[in-house]
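Student: Chain order of the listed sequences is A and B. If you count the first sequence from 1, you need to add 1 to reach our numbering. If you count the second sequence from 1, you need to add 13 to reach our numbering.
Possibly wrong hints are sitting among the right ones.
[Claimed, not checked] Below, a list of computed lysine-lysine pairs in the BS3-like style, where the Cα atoms sit at most 30 Å apart:
hint	chain 1	residue 1	chain 2	residue 2
1	B	Lys145	B	Lys66
2	B	Lys17	A	Lys4
3	B	Lys20	A	Lys4
4	B	Lys126	B	Lys80
5	B	Lys66	B	Lys98
6	B	Lys17	B	Lys66
7	A	Lys4	B	Lys144
8	B	Lys147	B	Lys66
9	B	Lys126	B	Lys66
Simulated from the structure, these hints should not be mistaken for lab results.
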Amino acid sequence: MLKIVGISSLALLLLLVVPIQYETQDTNPKMYGYATMILRDAAGNEIFSQVIHNQLQDDGETMLLNQTFNDNSAGDQTTDNLQIGAICITNGVGSVNETATATTFNATNSLGGNNNCKFDTTGADITATQGTAIVAPPAFASDGINVNNGQLIRGIGICTAGGAADYGDCNRASFSKLFAVVNTSDVTLNTGETVTITYTFDLRSTTT
Amino acid sequence: MAKKDEKIFVIAIIAIVIIALYLIPLENTYLGLFFEQISEPNWNDIEDRDIVKNTIPVILNETMNDKCKVSAPTFNLIIDHQYFKRGAELANALNYDRESGTLVLPCEILPDKTSRLHVWYILEESEKHSKKYKYFVTPWNETLAE
């Protein structure tokens, strides 16, 4: 009996002192982005909401670095109303991986000839303050405005801004970039229904 | 004599274990990992990026003793998402009827006829409390999703 207690205690001690990983500093930057989606019925009542993390695309990371640092990059986009500022809906996000570009994003989207992207031409949508940027265009609508009635939205792309409030797709020009992708719940927009989507990009660390 | 030595050895080990339990933070040890599997997460300690937060309206349909059948026609939008690995388990726990779009909840957690059901779950790839979930109900005018 004494031996069993002794061996068990030694085993417990081993489990206590052997680390499974090095402790990480909680002051590390926590750069991340997330989408908030609110689905409303034809009467305007909220019927579903979701807050869900994004997948930052390789193109998005490169764009961030190119625009921040003096790197002689030919691809820098310095005109404000052509920077990240639009949200595009898609029915093909499941097959979009981290290397996907605006072109790939469009290729997997078959929502049709509607204006699948939204951007406020006033630029007033983007609130960049205290470590966060919020892209909050008006609600996406059915009835052929942004999607046809009954079409399924499976995710969203965060894209460089468009030239109009509603426009065709993420890859609208040669400079277009797909910044991030969010794989949301699959929602169907029927007649009169809308979905409001907000994207927040957060650069705050715990000490700032 | 050998028995006495054995006793002293075991008592010493137990004492060291007790001191170690008191002094060593468990979070980065195998024992901590074990406790994590069986404990409830502190949701404030989980990275925001690792939590998916959903809310839907639920409307009271019928009372059966202390159980309430509620209408939740958009519950499928929560449990069918590919990130929610234990969605089927939650649907089962709440007696979800996909055809009628109803759930059965304890009446005591429903504040009003129309209430807000919140379902939060942790992504599979999270370092802490992977795949755990919780649900709770608040008055409809309270939004905690953001």
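Student: So, for every hint listed, does it hold in this structure?
Tutor: Results of checking the hints against the structure:
{"no.": "1", "hint": "B:Lys145 with B:Lys66", "in the structure": "12 Å, holds"}
{"no.": "2", "hint": "B:Lys17 with A:Lys4", "in the structure": "12 Å, holds"}
{"no.": "3", "hint": "B:Lys20 with A:Lys4", "in the structure": "9 Å, holds"}
{"no.": "4", "hint": "B:Lys126 with B:Lys80", "in the structure": "14 Å, holds"}
{"no.": "5", "hint": "B:Lys66 with B:Lys98", "in the structure": "14 Å, holds"}
{"no.": "6", "hint": "B:Lys17 with B:Lys66", "in the structure": "59 Å, violated"}
{"no.": "7", "hint": "A:Lys4 with B:Lys144", "in the structure": "39 Å, violated"}
{"no.": "8", "hint": "B:Lys147 with B:Lys66", "in the structure": "10 Å, holds"}
{"no.": "9", "hint": "B:Lys126 with B:Lys66", "in the structure": "22 Å, holds"}
Checked against the numbered hints above, the structure breaks hints 6 and 7 and satisfies the rest.
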